[in-house]
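J.: So the protein lines, in turn, are chains P and B.
Just so we're aligned, residue 21 is where the first sequence starts under the numbering used here, counting upward by one.
Just so we're aligned, residue 20 is where the second sequence starts under the numbering used here, counting upward by one.
Treat the hints as calculated values from the structure; they're not laboratory data.
If a hint is listed, it holds; no wrong ones were tucked in.
Dumping the calculated DSBU-like pairs for lysine-lysine here, alpha-carbon to alpha-carbon at most 30 angstroms:
1. Lys153(B) / Lys296(P)
2. Lys133(B) / Lys153(B)
3. Lys296(P) / Lys157(B)
4. Lys133(B) / Lys203(B)
5. Lys122(B) / Lys296(P)
6. Lys203(B) / Lys122(B)
7. Lys122(B) / Lys153(B)
8. Lys296(P) / Lys38(B)
9. Lys153(B) / Lys39(P)
10. Lys157(B) / Lys39(P)
11. Lys203(B) / Lys157(B)
12. Lys157(B) / Lys133(B)
13. Lys122(B) / Lys39(P)
14. Lys122(B) / Lys157(B)
A quick note: this is a predicted structure, and the numbers were derived from the prediction, not measured.
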Amino acid sequence: MSRIALIAQLTFHEARRRKIMWAAVLLGLAFLAIYALGLYFLRGEIITGMDQYPQGTLTAVNMLVMMALYAVNFLIIVMTVLTSVDTIAGEVASGAIHAIATKPIRRAEILLGKWLGFAVMLVLYATLMIGGVVLITRALTGYTPPNVLRGSLLMVLEGFIVLHLSLLGGTFLSTLANGVFVLGLFGVAFIGGWMEEFGSLMYNETVVNIGILSSLIMPSEAMWRWAAYLMQPPLLRTFNVSPFGSNAQPSLAMVAYTFAYLVAALAIAIRNFSRKDL
Amino acid sequence: MSASPAIETSGLRKEYGAKVAVADLSLTVQRGEIFGFLGPNGAGKTTAVKMLLGLIAPTAGAGRILGRPLSDIEVRRRIGFLPEHFRFYDWLTARELLRYHGKLLGMTDAACEKQIPELLEMVGLIHHADQRLKTFSKGMLQRVGLAQALLNDPELVFLDEPTSGLDPIGRRMVRDVIRHLRDKGCAVFLNSHLLGEVEITCDRVAFISEGVVVRTASLRQLIAGETTVHIRAAGVTPETLEGLKQWGREVRADGTYIHMVVDEEESLPAIANWIVANGARLYALTPERVSLEDLFMEVVGDTGEVK
Numbered sequence: 021m022s023r024i025a026l027i028a029q030l031t032f033h034e035a036r037r038r039k040i041m042w043a044a045v046l047l048g049l050a051f052l053a054i055y056a057l058g059l060y061f062l063r064g065e066i067i068t069g070m071d072q073y074p075q076g077t078l079t080a081v082n083m084l085v086m087m088a089l090y091a092v093n094f095l096i097i098v099m100t101v102l103t104s105v106d107t108i109a110g111e112v113a114s115g116a117i118h119a120i121a122t123k124p125i126r127r128a129e130i131l132l133g134k135w136l137g138f139a140v141m142l143v144l145y146a147t148l149m150i151g152g153v154v155l156i157t158r159a160l161t162g163y164t165p166p167n168v169l170r171g172s173l174l175m176v177l178e179g180f181i182v183l184h185l186s187l188l189g190g191t192f193l194s195t196l197a198n199g200v201f202v203l204g205l206f207g208v209a210f211i212g213g214w215m216e217e218f219g220s221l222m223y224n225e226t227v228v229n230i231g232i233l234s235s236l237i238m239p240s241e242a243m244w245r246w247a248a249y250l251m252q253p254p255l256l257r258t259f260n261v262s263p264f265g266s267n268a269q270p271s272l273a274m275v276a277y278t279f280a281y282l283v284a285a286l287a288i289a290i291r292n293f294s295r296k297d298l
Numbered sequence: 020m021s022a023s024p025a026i027e028t029s030g031l032r033k034e035y036g037a038k039v040a041v042a043d044l045s046l047t048v049q050r051g052e053i054f055g056f057l058g059p060n061g062a063g064k065t066t067a068v069k070m071l072l073g074l075i076a077p078t079a080g081a082g083r084i085l086g087r088p089l090s091d092i093e094v095r096r097r098i099g100f101l102p103e104h105f106r107f108y109d110w111l112t113a114r115e116l117l118r119y120h121g122k123l124l125g126m127t128d129a130a131c132e133k134q135i136p137e138l139l140e141m142v143g144l145i146h147h148a149d150q151r152l153k154t155f156s157k158g159m160l161q162r163v164g165l166a167q168a169l170l171n172d173p174e175l176v177f178l179d180e181p182t183s184g185l186d187p188i189g190r191r192m193v194r195d196v197i198r199h200l201r202d203k204g205c206a207v208f209l210n211s212h213l214l215g216e217v218e219i220t221c222d223r224v225a226f227i228s229e230g231v232v233v234r235t236a237s238l239r240q241l242i243a244g245e246t247t248v249h250i251r252a253a254g255v256t257p258e259t260l261e262g263l264k265q266w267g268r269e270v271r272a273d274g275t276y277i278h279m280v281v282d283e284e285e286s287l288p289a290i291a292n293w294i295v296a297n298g299a300r301l302y303a304l305t306p307e308r309v310s311l312e313d314l315f316m317e318v319v320g321d322t323g324e325v326k
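Using the sequences provided together with the hints, build the complete structure.
T.: Given below as structure tokens:
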């Protein structure tokens with residue numbers, strides 16, 4: 021087995037053994053169960069509503085899905101931070117890294133192995149949660165938001181931004197400081213995204229630019245906004261100003277920038293970790 | 020390949036900003052040699068070991084391990100390391116820990132299955148093999164760490180304060196392991212401030228003080244060398260006393276006691292003979308070995324100050 025896969029396996033083993041995985045799956049299922057239950061009892065109204073006031077009902081159902089996905093989006097971010105924030109900083113602090121880093125393995129392989137383990141967990145969790153919300157909605161109401169696959173991928177991409185930053189922070193910060201660092205950046209992106217939203221609603225370019233700048237520093241919120249934009253019915257986009265929706269025009273350049281951002285963050289993390297005195 | 024020394028360094032240096040942790044590490048450890056690395060707290064022992072293992076990048080200088088540069092990854096297949104205060108993921112069992120480390124070393128499953136029970140037996144953990152590390156005491160962690168360091172049947176083992184946290188039985192076990200390694204021709208770099216331990220196990224020692232190797236010496240030379248002898252005898256004439264000077268120095272009488280310094284242990288039978296042959300009654304003749312502790316104090320200084 022390759023050394024990267026071995027470290028990834030250790031990361032997985034840890035999530036299993038420390039019951040992180042079960043807690044995430046069980047509570048994720050609880051989340052989906054509550055959502056399904058609510059939708060189940062509303063489905064009579066929704067189905068009649070679709071006949072009588074299709075536009076209003078569609079808006080309401082979409083709002084419900086987007087609200088659930090917004091919560092999922094937030095959960096993905098927090099779960100990613102919680103699971104990965106300690107992985108490097110904690111092992112450096114405890115000295116556990118000494119026994120690994122003196123084995124025939126490159127530091128880059130250690131870091132990439134951890135990345136792989138968390139990446140797989142992130143994708144599995146996102147699949148469970150987003151897939152669960154979408155399938156439950158479809159099964160109970162027959163409604164599927166538009167562009168659901170592209171929207172989901174953007175949400176996963178947002179999770180990756182957080183993962184890469186958390187791995188990067190772990191190479192030079194303590195566990196706690198790293199958590200503050202990543203969630204703090206998330207906050208910057210969040211408020212920036214809101215500013216951009218309002219700025220564009222009021223045609224104020226300066227405020228839009230402030231939003232763009234914050235998205236360049238931390239592109240996470242931009243990914244959610246684009247996901248939310250794609251997954252709304254077109255009519256809703258223009259006047260839906262809430263965290264669950266967006267009127268932000270998606271830009272391919274921003275996604276390209278995000279990929280470059282991801283690569284750079286991981287590359288800097290590898291470089292830092294390879295040069296770090298352990 | 021096997022002609023190269025186990026460790027060879029010249030001028031290794033580590034600075035952290037203005038602070039110099041290791042100023043000049045220049046030493047050679049031969050294959051199969053048990054090498055003690057001694058120094059007071061804060062002298063730079065752990066930093067030195069970490070540089071040799073590639074955990075810390077030296078600011079200057081160079082070194083080779085088993086003939087390969089310090090940064091070489093593959094040479095680590097032939098090296099074992101027990102870090103000071105061994106810690107690992109506490110959610111693993113002892114057996115799982117060893118299996119992961121075996122795989123990291125590139126060992127086959129078959130090799131792991133063979134080695135792991137043997138090593139667990141050797142370090143006295145065979146009955147705790149499937150227990151999680153979080154239930155382990157400090158000493159047990161140290162034991163599993165030692166097993167981990169020996170998995171790959173290494174040619175060179177670094178032990179950083181191996182007996183810290185161990186009870187007397189555990190210390191005995193470490194000594195036995197070191198002897199076993201010596202018998203197998205494995206070189207051991209023993210980082211310790213427990214001088215008694217080093218005295219019993221090592222072939223050669225280096226003293227490090229304020230980040231510099233101040234002296235390297237063979238333990239046998241050190242200990243078989245100059246010896247103070249205490250003699251208790253009655254009826255010693257001044258002539259007999261004078262005659263003792265042919266084997267040593269600083270001869271002085273104190274009642275029925277005579278104290279002197281001899282250059283080599285081999286003179287002791289001759290001294291006993293001389294006293295008896297000159298009609299004195301010999302009750303005791305006790306050589307006082309120069310302990311490593313005395314030497315340590317002499318070399319490193321006894322200010323007790325943490326540098």
